[in-house]
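**Student:** Top to bottom, those sequences are chains A and B.
Using our numbering, the first residue of the first sequence is number 1, and each one after it goes up by one.
Using our numbering, the first residue of the second sequence is number 1, and each one after it goes up by one.
Derived by calculation from the structure, the hints in this document are not laboratory data.
Where is the CB? At the ideal position from N, CA and C, for every residue including glycine.
Some hints here could point you the wrong way.
Said to hold, decoys possible - Ranges between beta-carbon positions, derived for each pair:
#1 Gly-226/B with Asp-68/A: 44 to 50 Å
#2 Glu-65/A with Lys-182/B: 23 to 29 Å
#3 Glu-164/B with Arg-73/A: 41 to 47 Å
#4 Asp-68/A with His-267/B: 20 to 26 Å
#5 Arg-73/A with Ile-166/B: 52 to 58 Å
#6 Leu-105/A with Gln-172/B: 28 to 34 Å
#7 Ala-214/B with Glu-32/A: 40 to 46 Å
#8 Asp-68/A with Val-266/B: 34 to 40 Å
#9 Arg-73/A with His-267/B: 35 to 41 Å
#10 Arg-101/B with Asp-68/A: 33 to 39 Å
#11 Glu-65/A with Ser-198/B: 21 to 27 Å
Spelled out from the first residue to the last, the chains are:
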Amino acid sequence: MTGAAGIGPAGGHFTVPVLQLGDVLLVTLQGELHDGMAEQLQQDITDRISHTRVTGVVIDISGVEIVDSFLGRVLAEIAAGAGLLAARTVLAGMRPAVAITLVELGLTLPGLRTALDVERAMELLGAASRPGEGSP
Amino acid sequence: MQVSVSVSVSVSEENAEQEPAAQQVSAFLERRREQIAQRWADAALFRTVFTVSRDEAVEAGRAVAAALAAVAASGRLDDIRASGFEAVRDQLGRMAASRARTGIDPDGVAREVAALREPAAELLRAEFEDPNGPEALECVVALTVLMGTLRLVVMETAVSASEELIARQREQLHEVATPVIKLWESTVAVPLIGTLDSARSQVVMESLLDAIVAERARYAILDITGVPTVDSLVAQHLMKTVAAARLMGAECIVSGIRPAIAQTIVHLGIDLGTVLTRGSLADALAYALSRQGVGIGPVAPAGTAPAADAGVR
Numbered sequence: 001m002t003g004a005a006g007i008g009p010a011g012g013h014f015t016v017p018v019l020q021l022g023d024v025l026l027v028t029l030q031g032e033l034h035d036g037m038a039e040q041l042q043q044d045i046t047d048r049i050s051h052t053r054v055t056g057v058v059i060d061i062s063g064v065e066i067v068d069s070f071l072g073r074v075l076a077e078i079a080a081g082a083g084l085l086a087a088r089t090v091l092a093g094m095r096p097a098v099a100i101t102l103v104e105l106g107l108t109l110p111g112l113r114t115a116l117d118v119e120r121a122m123e124l125l126g127a128a129s130r131p132g133e134g135s136p
Numbered sequence: 001m002q003v004s005v006s007v008s009v010s011v012s013e014e015n016a017e018q019e020p021a022a023q024q025v026s027a028f029l030e031r032r033r034e035q036i037a038q039r040w041a042d043a044a045l046f047r048t049v050f051t052v053s054r055d056e057a058v059e060a061g062r063a064v065a066a067a068l069a070a071v072a073a074s075g076r077l078d079d080i081r082a083s084g085f086e087a088v089r090d091q092l093g094r095m096a097a098s099r100a101r102t103g104i105d106p107d108g109v110a111r112e113v114a115a116l117r118e119p120a121a122e123l124l125r126a127e128f129e130d131p132n133g134p135e136a137l138e139c140v141v142a143l144t145v146l147m148g149t150l151r152l153v154v155m156e157t158a159v160s161a162s163e164e165l166i167a168r169q170r171e172q173l174h175e176v177a178t179p180v181i182k183l184w185e186s187t188v189a190v191p192l193i194g195t196l197d198s199a200r201s202q203v204v205m206e207s208l209l210d211a212i213v214a215e216r217a218r219y220a221i222l223d224i225t226g227v228p229t230v231d232s233l234v235a236q237h238l239m240k241t242v243a244a245a246r247l248m249g250a251e252c253i254v255s256g257i258r259p260a261i262a263q264t265i266v267h268l269g270i271d272l273g274t275v276l277t278r279g280s281l282a283d284a285l286a287y288a289l290s291r292q293g294v295g296i297g298p299v300a301p302a303g304t305a306p307a308a309d310a311g312v313r
């Protein structure tokens, strides 16, 4: 799945791989995200959520060095879209430098849950979906 | 000499009439360098800096005289950026610093440098048949300007040296004042002490985020017991730090808000509603522990049943 040539409007670009682990979708962003890729990714995620019994989405951005307002908006839109389909989104693996830049830009991504890394994100989703233990 | 004349002409048209005087002073300084150095070695500045050996003082005096001669030759008598000074800047800085260390104030150093003028001027006057003639006076004026510039150079060197020192110490203060402490598994704390300005809050943020990664922390406590005042700017810095920690997946708790500071925050209308706050560091730690399912209570006396379910969930 990784590195497959773009099929959508992205043309020659690579698509972002969306892996399914149990009832969680794992999206690993790396490098830069172009407009076409972002659109394709949002579509992929919502399609996968509606066609499978996925209850959570983990977006791993540990490989992303620069998060700008565009990516911030895309992430918020993914979370909002997933939320409409009753799946919770967790942003995982943000680097300290990226966090500082975002805060300085005033982008605190208020609607997104965050976790230190993918493992913690899975833990968060797992703990919250277990019956009898409400989310924080 | 021919060369330096042509250079100085191109440097400044204004100093055209001063030029012969500047050249004469330069030639005089070159010629009498040894005598001037000997006299300066007895002056307060050199005598107190080079206490060990007089030869050293003479050597330093020679270097300064040579530098002055070079500056005079270039005709830029009142230019503290004149290239001639570069050679002695280091030495003058050391001398000024060593004087400052002995407790003398900048004023005193300036006076001591000023005192170097008279011995040289005396020698210069003696060069002329008529010590009060116009030519002699012109040369003395040129020398006075030159010595004034030297004084400025010394002071400027001393000031920039102490500025460097201040900058270095400020940096050290930043490093020292922001330790990140691991209080428990997945719990780190930063006890903030002193005024929180932008530069410091930047350092705090960076070290806290690095610690969150290193300790895999879920909870980060910002303790502001040691922060004397909280204004809207400090509150903004705190909120930024909290937001950045949240982006890293850690929950941030601000603790140590004294009653007076709580009042100030309310009166200023600062909304800390998005920030989790606790009265003391202990309360914040108790909160972090209870959220992790860790309970702390009195140890059951020996012989009784062990305190069940008190440990990690």
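**Student:** Among all the numbered hints in the text so far, which are the ones the structure does not match?
**Tutor:** Hints 1, 4, 5, 7 and 10 not satisfied by this model.
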